[in-house]
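Chemist: Each chain is listed here by its residues.
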Amino acid sequence: MWDGCEGGTADVSDEPTTDTGVVGPHSAPEDVLRLEHIAKRFGPVTALKDVNLHLKKGEVLGLLGDNGAGKSTLIKILCGFQKQDSGTMTLHGKPFEPKSVDDARAQGIETVYQDLALIDELSVYHNLFLRKERVHRPIPLLANRQMKREAREALDEIGINIPRIDVSVARLSGGQRQAIAVARTVNSDADIILLDEPLAAMGAKEGAQILDLVARLKAEGRVSIIMILHNYVQVFEACDRVSLIQDGAVVLDKPTAETSVEELTDIVVTEYRRAREEAHLHDAAPPAPPA
Amino acid sequence: MASAAQSPAESGSAGAGGTGREHHSVKLPAWRELLNRVTALREGSIIVVTIVVAVYFSINTSSFLTGANFKTLLPYFAPLALLGAGEVFVMILGEIDLSIGAMYLFAPIVFYKLDQAGLGLVASMIIALLICMVVGLINGAFVAILGVNSFVTTLGMLFSFEGLSLILSHGTPVATPGAQVTQTEVKVHHIVNGHSIVLGEKVNHIGTFAKIFGGGVYSELIWAVAIVLLLQVVLTFTRWGLYTVAIGSNKLGAAEAGVKVKLVIIRNFVLCALLAGVVGVFEAVRSQTIQPDPSGPNELLLIAIAGAVIGGTLLSGGSGTVVGALIGALFLGILKDGLILQGVNANYLLFYTGLAIIVAMTANVYVGRVRRGHGGRE
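These protein sequence lines are chains A and B, in that order.
The first sequence maps to residues 1 to 291 in our numbering.
The second sequence maps to residues 1 to 378 in our numbering.
Bound conformation, chain A alone (with noise of 0.2 angstroms):
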């Protein structure tokens, strides 16, 4: 159905489409990360299936599929909060299997969760610093007019207005505390950024902001995002390539610019008629006759 290779590229795909329609994994000098056939299941529940997806150097990966597609647990698996049951990820061309979230953020991958992961009694500077605290010598006494002023000048830099920095971030509005969440992957040295669902619980005029960050990161070339997204629209506006995962796996993996919102839309409806059948079908199935 489609290759998934980027256009204009060389990619070589050395396990290309399969049956099932169904990503395989791809081969790409140019990719920072790679994930080969990731698998994850949670007791019954089987969240990832077969996962190949890549990533390349300053690039903007938008990652499509319905609620319980797996999106989040890929994030988590690729932050080093999970582990994946089987497959292989790639990071510079290196194994990459982060023990946790510090390792893999030593290693270089920022994540903005769904859940924002940010602390309400803490304020605005302690949350953007939480991990990277800065601390006085010799006694590790917390340097909090450091981390002020450093939380004030990266707020400035990447454009975050925010009055109060040190109040706690309950105080702030739903996209004041994305804004935050975003800004402290942003304040760091790393140069994979994961974004589960950046512009949820935000209104048209903050998820703009966050999608003008997004683009100014992107022109920078730095850093390479994975960015989860519910809006085609705002796919279209912000990522180089799409992927959309279903039922566990990437079904299609292109380049923005060589599809397009109808194409996504009939993917996911006739993914939706196809469960929709299959659940009827199990409902009308009879019971099974006893032993």
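Treat the hints with care, as some may be off.
Claimed, not checked - As a list, the in silico DSBU-like pairs of lysine-lysine whose alpha-carbon atoms are at most 35 angstroms apart: (1) B:K262 / A:K132; (2) B:K251 / A:K218; (3) A:K132 / A:K205; (4) A:K57 / B:K260; (5) B:K262 / A:K49; (6) A:K99 / B:K251; (7) A:K99 / B:K262; (8) B:K187 / B:K202; (9) A:K49 / A:K99; (10) A:K49 / A:K218; (11) A:K83 / A:K94; (12) A:K56 / B:K251; (13) B:K71 / B:K113; (14) A:K49 / B:K251; (15) B:K260 / A:K94; (16) A:K132 / B:K260; (17) B:K71 / B:K336; (18) A:K83 / A:K132; (19) B:K262 / A:K83; (20) B:K260 / A:K49; (21) A:K83 / A:K49.
I should point out that these hints are in silico values taken from the structure, not numbers from a laboratory.
Here the structure is a predicted model, which is why all the values come from computation and not from measurement.
Chain B: place on chain A using the hints.
Modeler: Below, chain B alone, put in the same frame as chain A:
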């Protein structure tokens, strides 16, 4: 985006912070400014309530505001402040430690047994406290690793170790090692009607160990204030404190940010058990007797938790203050002491204490609302 909608923070009074972008409220009268500053503290409400109660007893009871009465108050409030300090670290996590009553009882018994075995006072005390820390570690491991509810875990540990204390001590009170009072006679010169006479007077002495570890008049108070201040610094100005608040506020979020949640939980339970053991040894030294009776510690642990809650620590976690627990303990001490001095019938004492706790908590909630309305300290 932030400028589009007025942040709730913007409506608050100008607080600490030096970003230069804060909104400055209109100039308030000095007394309102002071009141706002006090209520802006997490401990603000209990400070106000404690002052009101102290002023009330000072006016109504002549013997309240005296040095002698202060000395009476110390033995009650210092142990509660120390127990509360440890409990605050657990309660901010959203957990609770009921086993502090057992550690309070268990530590001096182990201390006594080890001293009897010839280990010496200091070594016996250190080992007894290390054993308390191991119990704290077990509590923490059950909660953090096995996911057992902390109320259930520590209730089990409370009963188990109180039982173990009775088994070890055979339920018999003993004299605390190193706390014995010795008497010496000194010659004192007196001038009577212009004549110098020498009279023998008996003077009580306690050993250096006892003086330092709870036996001295101000020993427990000094320890309590020093430890409370130290732990408040830890809570406010170190990563440990930051992570404790983070876990209590959003455990999953803290874990996702890379905070080692299990380690912090275990560490806080260890701290709580250690402080309970310390208080147990101090109190045994002060009273010169080790009483293997669980009823006292059981009451003490509940009052310590009440003190911490009154002091502004949330039972639901995410927020708390060690200094607040100290002031909460002071409030409970003043209340009990004041009621006794007022001649309240002993049978009514617990009843009035219970009512006062409810009134103080209600005032606390109200002042807390005012605080949040004014933009509190974050």
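Chemist: Take the hints in turn and mark each one as holding or not.
Modeler: Verification of the supplied hints:
1. Of the pairs offered as hints, the one joining K262 (chain B) and K132 (chain A) holds, with about 19 angstroms between alpha carbons and a cut-off of 35 angstroms not exceeded.
2. Taking the CA atoms of K251 (chain B) and K218 (chain A), the gap is near 32 angstroms; set against the 35 angstroms cutoff, the hint holds.
3. For the given pair, K132 (chain A) sits about 30 angstroms from K205 (chain A) by alpha-carbon distance, which is consistent with the 35 angstroms threshold.
4. Between K57 (chain A) and K260 (chain B) the CA atoms are separated by roughly 31 angstroms; this keeps the pair inside 35 angstroms, and the hint holds.
5. Restraint check for K262 (chain B) and K49 (chain A): satisfied, since their Cα atoms lie roughly 30 angstroms apart, inside the 35 angstroms limit.
6. The hinted pair formed by K99 (chain A) and K251 (chain B) meets the criterion: a straight-line CA distance of about 19 angstroms does not exceed 35 angstroms.
7. Taken as a hint, the K99 (chain A) and K262 (chain B) pair is honoured in the structure, with Cα atoms around 16 angstroms apart against an allowance of 35 angstroms.
8. At roughly 9 angstroms between alpha-carbon atoms, K187 (chain B) and K202 (chain B) fall within 35 angstroms of each other, so this suggested pair holds.
9. Under the criterion of a C-alpha separation no larger than 35 angstroms, the hint pairing K49 (chain A) with K99 (chain A) is consistent with the structure, at around 22 angstroms.
10. Annotation: proposed proximity of K49 (chain A) to K218 (chain A) holds, straight-line Cα distance about 31 angstroms (limit 35 angstroms).
11. Straight-line distance between C-alpha atoms of K83 (chain A) and K94 (chain A) comes to about 17 angstroms, which keeps the hinted pair within the 35 angstroms bound.
12. Proximity of K56 (chain A) to K251 (chain B) is assessed by CA-CA distance (about 33 angstroms); at most 35 angstroms being required, the pair is judged to hold.
13. Distance check on the hinted pair: K71 (chain B) and K113 (chain B) sit about 31 angstroms apart at the alpha-carbon level, within 35 angstroms; holds.
14. Proximity of K49 (chain A) to K251 (chain B) is assessed by CA-CA distance (about 29 angstroms); at most 35 angstroms being required, the pair is judged to hold.
15. The suggested pairing of K260 (chain B) with K94 (chain A) holds, with an alpha-carbon distance near 27 angstroms, which does not exceed 35 angstroms.
16. For the suggested pair K132 (chain A) and K260 (chain B), the alpha carbons sit about 13 angstroms apart, so the restraint of at most 35 angstroms is met.
17. A C-alpha spacing of about 14 angstroms is found between K71 (chain B) and K336 (chain B), which places the hinted pair at or below 35 angstroms, so the restraint holds.
18. Between K83 (chain A) and K132 (chain A), the direct Cα distance comes to roughly 23 angstroms. Compliance with the 35 angstroms bound is thereby established for this hinted pair.
19. Note on K262 (chain B) and K83 (chain A): the hinted pairing holds, with a Cα-Cα distance of about 18 angstroms set against a maximum of 35 angstroms.
20. Between K260 (chain B) and K49 (chain A) the CA atoms are separated by roughly 30 angstroms; this keeps the pair inside 35 angstroms, and the hint holds.
21. Annotation: proposed proximity of K83 (chain A) to K49 (chain A) holds, straight-line Cα distance about 14 angstroms (limit 35 angstroms).
Violated hints are absent here; each numbered hint is respected by the structure.
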